[in-house]
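Enquirer: What follows is each chain in one-letter form.
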Amino acid sequence: MTIDRRRFITLSAASIASGLVAACGKNPESAKPVLALAERFNETIERGLVRHSAMNVVPASAPLTGRAYPKYFVSARVPVWDPAVRGAWTLEVGGAVRRPLTLSLEDLTKLPRVTQKVDHFCVEGWNARATWSGVRVSELARLAGATADAQYVDFAGFDKEYHESWDMESAMHPQTLVAYGMDGYLLTPAHGAPARVHSPIKLGYKNTKYLTRVIFMPARNGGYWSDQGYEWMGAT
Amino acid sequence: MAPLVKRNHWVVRLTHWVNVIAVVLMAGSGMRIFNAHPAFARPGERFALNPWEGTPIPNWLTFGGWLAGARHWHFAVMWLLVLNGLVYLGFLFLHGEWRDLAPRRGDARDAWQMIRFYLFARRDHPRQGKHNALQKTAYFAMPVLGVVLVLSGIAIWKPVSLSFVTALFVNYKWARFVHFLAMALLLLLALVHVFMVVSVDPYSLRAIVTGWYDRARSPEARNARPFYHLFARPRDDAPAAREEHAA
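As given, the protein sequences belong to chains A and B, one line each in that order. Position one of the first sequence corresponds to residue -12 (this note's numbering), numbered consecutively onward. Position one of the second sequence corresponds to residue 850 (this note's numbering), numbered consecutively onward.
Pulled out of the complex, with its shape left as it was, chain A reads as follows (with noise of 0.2 angstroms):
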């Protein structure tokens, strides 16, 4: 059988495009390192964006989400701290600093207390609103000393394994806050208890609950859904 030019060029447009077709069902490995490499490219830019002037406004008249707000956790139920077991809650500010410090909820609450209304943005797509109460994470590494060292900062709690590495630069920023309090009460269990992360500068899965440990670290260490393909950066 003979090809002329017009069915060869009909023959290779029908294979190209049936190898994109099974390609695209198969999700091709062959595309992680470009995909890799796009990530490390936006985690550039994405960085560079950070800025602590740019500040999450909601409005004043803005209803909270209240009780529809949306409650998370990885482990099979809520995690609640046992003194009993556990003995009393604390907060363990350490790593890269001078200062190690082991807070009580009662000194936490004694130190700088910042109060903000303003969005929580889920990975998921949703967003809610809350007024949270808690102390900055600045306000924490200025108390501890941190170093020069501390270029990240390691957020892990008693959900399981739970962890979120982040970079210093939205830590510090001034929205980013240890939180003990929400819409005006005491964080409850199913919302971190005894306090959590919370900052609109990241997605929700960066900001961990059932917080125990603030650790200045000089490299990050993933975190709980980083490690399992979630983009470690999570910037809004």
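Because the hints were derived from the structure by calculation, they are not lab data. Certain hints may be false.
[As the list claims (entries may be wrong)] Straight-line C-alpha distance at most 25 angstroms; calculated BS3-like pairs for lysine-lysine:
id : chain 1 : residue 1 : chain 2 : residue 2
1  : A       : Lys104    : B       : Lys1007
2  : A       : Lys58     : B       : Lys1007
3  : A       : Lys58     : A       : Lys104
4  : B       : Lys1022   : A       : Lys58
5  : B       : Lys1007   : B       : Lys1022
6  : A       : Lys58     : A       : Lys147
7  : B       : Lys1022   : A       : Lys104
Place chain B on chain A using the hints.
Expert: Frame of chain A; chain B shown alone:
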């Protein structure tokens, strides 16, 4: 043998096909992302403008496998879409071809005549230049929707660090709705476009692959409606198509 004219510059042909790949990947991964929360209402609120609030897109229409996978695809291919779009728009501007697409007075009247022709309320194909008035409107609307998609996309990608972009769409929730709506409109236009290519002017496929077009087979020369006169020879009294610039 009818003389062929060079209808589409290689930049237009290349960006057209790159755009097909980019839009398909963006729409597929975008719908997968949407399915993680297939609604526009915030928790505890209602959203009246979406009659299918809470209903996910069928999985076979989506791409990326899961939310994180789709996000990686979406945030990678977005650069291809934007760069390709800039090359296309830059070419249109520098090469003067924006004149073929820019809206003019009389377009609405011409579009109405095209509709009358397609509905058999008019016997002869209206005279046209490179594109008929309906085509022109669609080809103008598509890049406009592209710009809306990119802006609303930035608005929901960076609602805090680029909050001034989000403010263009009121807030995050509305930016997300506009992003979805613009995607749906773009896909609708693309589907109509493919339908019209197949049913009215399959000969234009050659023009978007090799660039060459046989004006003797143009819809105007064939007096072609969808699936009418698909293989017709040009009529003797067919109005001559306006000259196109030769390659």
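Enquirer: Each hint should be assessed against the structure and marked as holding or not.
Expert: Verification of the hints:
| no. | hint | in the structure |
| --- | --- | --- |
| 1 | Lys104(A) <-> Lys1007(B) | holds, 19 angstroms |
| 2 | Lys58(A) <-> Lys1007(B) | holds, 24 angstroms |
| 3 | Lys58(A) <-> Lys104(A) | holds, 18 angstroms |
| 4 | Lys1022(B) <-> Lys58(A) | holds, 20 angstroms |
| 5 | Lys1007(B) <-> Lys1022(B) | holds, 13 angstroms |
| 6 | Lys58(A) <-> Lys147(A) | holds, 16 angstroms |
| 7 | Lys1022(B) <-> Lys104(A) | holds, 17 angstroms |
The structure is consistent with each of the numbered hints, conforming to all of them.
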